[in-house]
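Novice: Chain residues, written in single-letter form:
Number of protein chains: 2
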Amino acid sequence: MKKVKLGIIGCGIAARELHLPALRKLQDKFEITMLCNHTEQKARDLSEQLGRVPYVLDYRELLESSEVEAVDIALPIHLNFKVAKDSLLKGKHVFVEKPVTANLREARKILSQSEASDLVMLVAENFRYRKVYLRAKELMKKGKIGKPYAAMWDLFNQVTLNSKYAKTKWRQHPKYPGAFVSDGGVHNVAALRMLFGEFTSVKAFTKSINPKIGSPDTMSLQFRSQSGVDGVFNIFYSVDGYWENRLLIFGSRGSIIIQENKLMLKNNSEDDYIEEVEDDNGYIAEFTDFYNGIRKKKKVLSTPHEGLKDLEVIIAALKSAESNRSVSLTH
Amino acid sequence: MKKVKLGIIGCGIAARELHLPALRKLQDKFEITMLCNHTEQKARDLSEQLGRVPYVLDYRELLESSEVEAVDIALPIHLNFKVAKDSLLKGKHVFVEKPVTANLREARKILSQSEASDLVMLVAENFRYRKVYLRAKELMKKGKIGKPYAAMWDLFNQVTLNSKYAKTKWRQHPKYPGAFVSDGGVHNVAALRMLFGEFTSVKAFTKSINPKIGSPDTMSLQFRSQSGVDGVFNIFYSVDGYWENRLLIFGSRGSIIIQENKLMLKNNSEDDYIEEVEDDNGYIAEFTDFYNGIRKKKKVLSTPHEGLKDLEVIIAALKSAESNRSVSLTH
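Sequences listed follow chains X and Z, in order.
All the letters of the first sequence, read from the start, carry residue numbers 1 to 331 under the numbering used here.
All the letters of the second sequence, read from the start, carry residue numbers 1001 to 1331 under the numbering used here.
Isolated chain X, as found in the complex:
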């Protein structure tokens, strides 16, 4: 099948470090035909790296090109909506970094627009494609831990201004609610929704411990879900002296423990089962899904609808933290 001619809009960290390694492995599926970046230096550097792929400084120029049939939008979050909207208007398939947009109003608009078109739009939420979570889902479906009833996710780390992500000005002064806990936390929410279905209510508190990296940087979110699996998701970005990324899933007959790409299945009557899942964090899978959406007309996994649902949870959590009330999510 013909390669998809891909234009990359935004030559920052996401494009260079997250997307490019995957695209290099998918050269039978994608051809990078054009680049765009507002700061010329970044565009030129990436162009050189890719063997002098043509670049432009204005994304509207890229959208005019017949050499581009799909775009990879890897921009500051607050630009997602405008660029995705214009891309769809110009007949381009859209692959856009999470979160789908900066707010729910924009997310609902882009959802309508994409649903009204025949174009493929995929929200690049890699956690929906990460093998370790898909494997956990499979094990639960097989009944390996009985009936799941709770999920506890602890993400404790320290992001300082030395972090490449925290250095980006748009993260320090975010034009979207929730700063790091929204930008980062939307990943975990996506995985939790994928594993346990829709959240019915959330209750959260947030804190700003190191305002330099953007506020808030700390959130504890208690959720209840339609499936009856309730839990807590803690995302703390200013923890000094402790580091952890651990998802515990408790079932009536066993537990699943996930730490990064390591999955453990434990119960008190059988031997532990431990699996190190080989994974590139889902990037190859999400681009492959995008390709299959375009060339094979398959429905993609990470639709704008899913992106909207992820964002709804984050926004509800922020609202809950502000009001100190439980916020319900209706569907």
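Among the clues, some could well be false.
Claimed, not checked - The list that follows gives simulated cross-link-like pairs (lysine-lysine, DSS-like), each with its CA atoms no further than 30 Å apart:
id, chain 1, residue 1, chain 2, residue 2
1, Z, LYS1147, X, LYS175
2, Z, LYS1164, X, LYS167
3, X, LYS207, Z, LYS1266
4, X, LYS212, Z, LYS1141
5, X, LYS147, Z, LYS1164
Said to hold, decoys possible - Partial list, computed: chain X residues near chain Z (C-beta under 8 Å):
id, residue
6, LYS203
7, PHE205
8, GLN222
9, ILE257
10, ASN268
11, ASN324
12, VAL327
FYI, nobody ran anything at the bench for these hints, they're computed from the structure.
Bear in mind that the values here come from a model prediction, so they are computed numbers and not experimental data.
C-beta atoms are modelled at their ideal positions from N, C-alpha and C, and glycine is treated no differently.
Could you slot chain Z onto chain X? The hints should help.
Specialist: Same frame as chain X, but now just chain Z:
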């Protein structure tokens, strides 16, 4: 100073396994002068063990004895109120196992009664006396972790009917709200209040995974406190395949990690500080406090007022779980 003549009411697990080892080390302070248990066998066994201390089957008989000036009440929770009330009426100092009573109405009544008397009443909440928590408090006071902002306590284990505690009929069919999560959780609430001050609101969910041990057996409690330290306390008694008891305290300049009696102080700029705190879980300290209350007229640490406050948090959490709302605690 004269030894306190102590009558033990209830010769079950708490008296035999928790109180007796401490009392044996405090023979200069306490003399066990009488025992009482409804089931004669238990009373007789303990009497033999103690060199034939006289025993009775009805606590009212014990309260009539001039050889008893203070009582150690180690009974099923729902009996605490009546026996404590009668003991105070008969002029005996009262040492009563936690939680202070089965409900708030009783707790308020016994508080009034004890405050109106000159007698010492101590709620035997050993977590208020555990060195490891007192040490954490001291380190925080010294500014070792900067400004504390969050506390996350995970208590995950599996209590089955093989557990000596779960075997007790009054725990399987509790005549007090909250079953194991109340009976057990009140300990951690006491420690958290001691460390971080009064809770201002709670939001919880509860579950009943193994109804045989009493319902509920699972609770996740999000709390906010007056001191600005907010957090989550998870108490899960039916976890199959995973075990943990870990309190994390996060501050602006470091973290404290407590696992049982081990305390670690960590931050990203200095070497870790690790301390194994020698402790009998606070039993000697609580009896000593009781003794000093009686003989030295010192105010005890674990008053009925503190017991009431602990219980208020648990009751608010259960109410929150039922309503799925945040419940505020006013003071």
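Novice: Let's test the interface hint: is any C-beta of chain Z closer than 8 Å to that of X:LYS203?
Specialist: holds (4 Å)
Novice: X:VAL327 was flagged as interface toward chain Z. Is the shortest Cβ-Cβ separation under 8 Å?
Specialist: X:VAL327 check fails; min Cβ-Cβ to chain Z is 10 Å, beyond 8 Å.
Novice: When the nearest CB of chain Z is found for X:ASN324, is that gap smaller than 8 Å?
Specialist: holds (6 Å)
Novice: Between Z:LYS1164 and X:LYS167, does the CA-CA distance stay at or below 30 Å?
Specialist: violated (56 Å)
Novice: Do the alpha carbons of X:LYS147 and Z:LYS1164 lie within 30 Å of each other, as the hint requires?
Specialist: This hinted pair holds, its Cα atoms lying about 27 Å apart.
Novice: Regarding the hint that X:ILE257 lies at the interface with chain Z, is the smallest CB-CB distance below 8 Å?
Specialist: This interface hint holds because 7 Å falls under the 8 Å limit.
Novice: So, X:GLN222 near chain Z? Judge it on the closest CB pair being under 8 Å.
Specialist: With a minimum Cβ separation of about 5 Å from chain Z (threshold 8 Å), the hint on X:GLN222 holds.
Novice: Does Z:LYS1141 sit within 30 Å of X:LYS212, going by the straight-line distance between their CA atoms?
Specialist: holds (26 Å)
Novice: Does X:LYS175 sit within 30 Å of Z:LYS1147, going by the straight-line distance between their CA atoms?
Specialist: holds (29 Å)
Novice: Hint validation: X:ASN268 versus chain Z, beta carbon distance must be below 8 Å. Holds or violated?
Specialist: Where the cut-off is 8 Å and the nearest Cβ of chain Z is about 5 Å from X:ASN268, the hint holds.
Novice: Is the shortest C-beta separation between X:PHE205 and chain Z less than 8 Å?
Specialist: holds (5 Å)
Novice: Does the alpha-carbon distance linking X:LYS207 and Z:LYS1266 stay inside the 30 Å limit?
Specialist: This hinted pair holds, its Cα atoms lying about 21 Å apart.
Of the hints listed earlier, those the structure fails to meet are numbers 2, 12, in rising order.
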